[in-house]
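Trainee: Taking the hints into account, I'd like the entire structure generated from these sequences.
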Amino acid sequence: MTVLHIDRTRALEAFNGYVVPYDADNPRIALKVAHTLRVADVCDAIARDEGLGDEDRDLAWLCGLLHDLGRFEQLRRWDTFDDSCSASHAALGVRELFEGGPEAAGSIRRFSPSSEEDGLIREAVGQHSALRVDDRLDARTRLFCDLVRDADKIDILRVASESSVQTILGIGERAFLDSGISDGARRAFAERRCVARSERTEPADFLVGLMGFIFELRFAASRRLVREQGYLYRILDDPFGLGRPFADPATQKTWERMCAEMRGLVEKDA
143 MTVLHIDRTR
153 ALEAFNGYVV
163 PYDADNPRIA
173 LKVAHTLRVA
183 DVCDAIARDE
193 GLGDEDRDLA
203 WLCGLLHDLG
213 RFEQLRRWDT
223 FDDSCSASHA
233 ALGVRELFEG
243 GPEAAGSIRR
253 FSPSSEEDGL
263 IREAVGQHSA
273 LRVDDRLDAR
283 TRLFCDLVRD
293 ADKIDILRVA
303 SESSVQTILG
313 IGERAFLDSG
323 ISDGARRAFA
333 ERRCVARSER
343 TEPADFLVGL
353 MGFIFELRFA
363 ASRRLVREQG
373 YLYRILDDPF
383 GLGRPFADPA
393 TQKTWERMCA
403 EMRGLVEKDA
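The sequence shown begins at 143 in our numbering and counts up by one.
Just so you know, these hints were derived from the structure itself, not from any lab.
Glycine included, each C-beta is placed from N, C-alpha and C at the ideal position.
There's no promise every hint is true.
Simulated DEER-style distance windows between Cβ atoms [what the hints assert, rightly or not]: (1) 167 - 383: 17 to 25 Å; (2) 241 - 385: 44 to 52 Å; (3) 384 - 183: 26 to 34 Å.
SDA-like, lysine to any residue: derived pairs with alpha carbons at most 25 Å apart [claimed, not checked]: (4) 410 - 300; (5) 410 - 365; (6) 395 - 360.
Mentor: Next comes the structure, spelled out in structure tokens:
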């Protein structure tokens with residue numbers, strides 16, 4: 143049981159101070175700020191459902207607050223959220239927190255006065271977007287990694303349901319609707335797992351990747367939140383609010399089949 147005291151007000155002030163130098167008028171910056179705050183709150187909700195004490199709930203919340211810190215530098219340096227053509231945003235976040243010294247804007251000491259849980263926080267930030275968590279982690283660290291990963295997935299569903307295809311994928315509506323679903327994405331869906339980045343070769347694969355999140359949620363509270371919030375249903379019913387089917391009838395048929403299977407899976411879990 144941790145005895146680390148985390149001051150949420152101080153941590154929020156540090157986060158708000160960190161993002162000040164970035165372009166607040168850029169909708170992608172605003173998107174990541176909102177996402178960060180939501181993930182922190184979802185981490186807290188899952189931790190509460192799991193019966194964690196107040197100190198551990200604060201720690202889960204802090205891990206959520208810090209999980210995407212690297213996104214801001216990624217966007218500033220490369221103007222993208224795509225790790226494959228820039229750098230791992232998780233690794234950037236770890237560097238911002240732990241390798242810049244105590245006076246750096248992103249220093250972990252600005253968010254937490256004690257180094258007691260630095261190792262756990264480092265892993266939670268560094269592994270939140272990995273396809274698989276390092277199986278050598280101790281049970282406590284793995285718990286917090288799983289909390290952050292579930293919360294991140296849950297709020298990405300919200301972001302995708304409320305955003306345009308241009309904001310999320312950097313392409314126009316026609317390019318998205320003209321795309322197909324790759325063999326790799328189909329295989330991942332059939333195997334009931336997340337889609338690896340190397341398997342996502344078509345814009346439409348992004349949607350299959352979102353459905354893949356559901357297969358790997360770790361906590362009952364996470365699955366309940368997905369049903370209650372309804373963002374997944376928006377994605378299934380009307381991806382990116384385009385209101386039009388995929389240009390290729392075979393792709394549309396595959397998408398509709400996947401949606402029916404996913405809806406049945408989510409409702410069965412109720």
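Trainee: A separate judgement is required for each hint: does it hold in the structure or not?
Mentor: Results of checking the hints against the structure:
{"no.": "1", "hint": "167 - 383: 17 to 25 Å", "result": "holds (23 Å)"}
{"no.": "2", "hint": "241 - 385: 44 to 52 Å", "result": "holds (46 Å)"}
{"no.": "3", "hint": "384 - 183: 26 to 34 Å", "result": "holds (29 Å)"}
{"no.": "4", "hint": "410 - 300", "result": "holds (21 Å)"}
{"no.": "5", "hint": "410 - 365", "result": "holds (11 Å)"}
{"no.": "6", "hint": "395 - 360", "result": "violated (30 Å)"}
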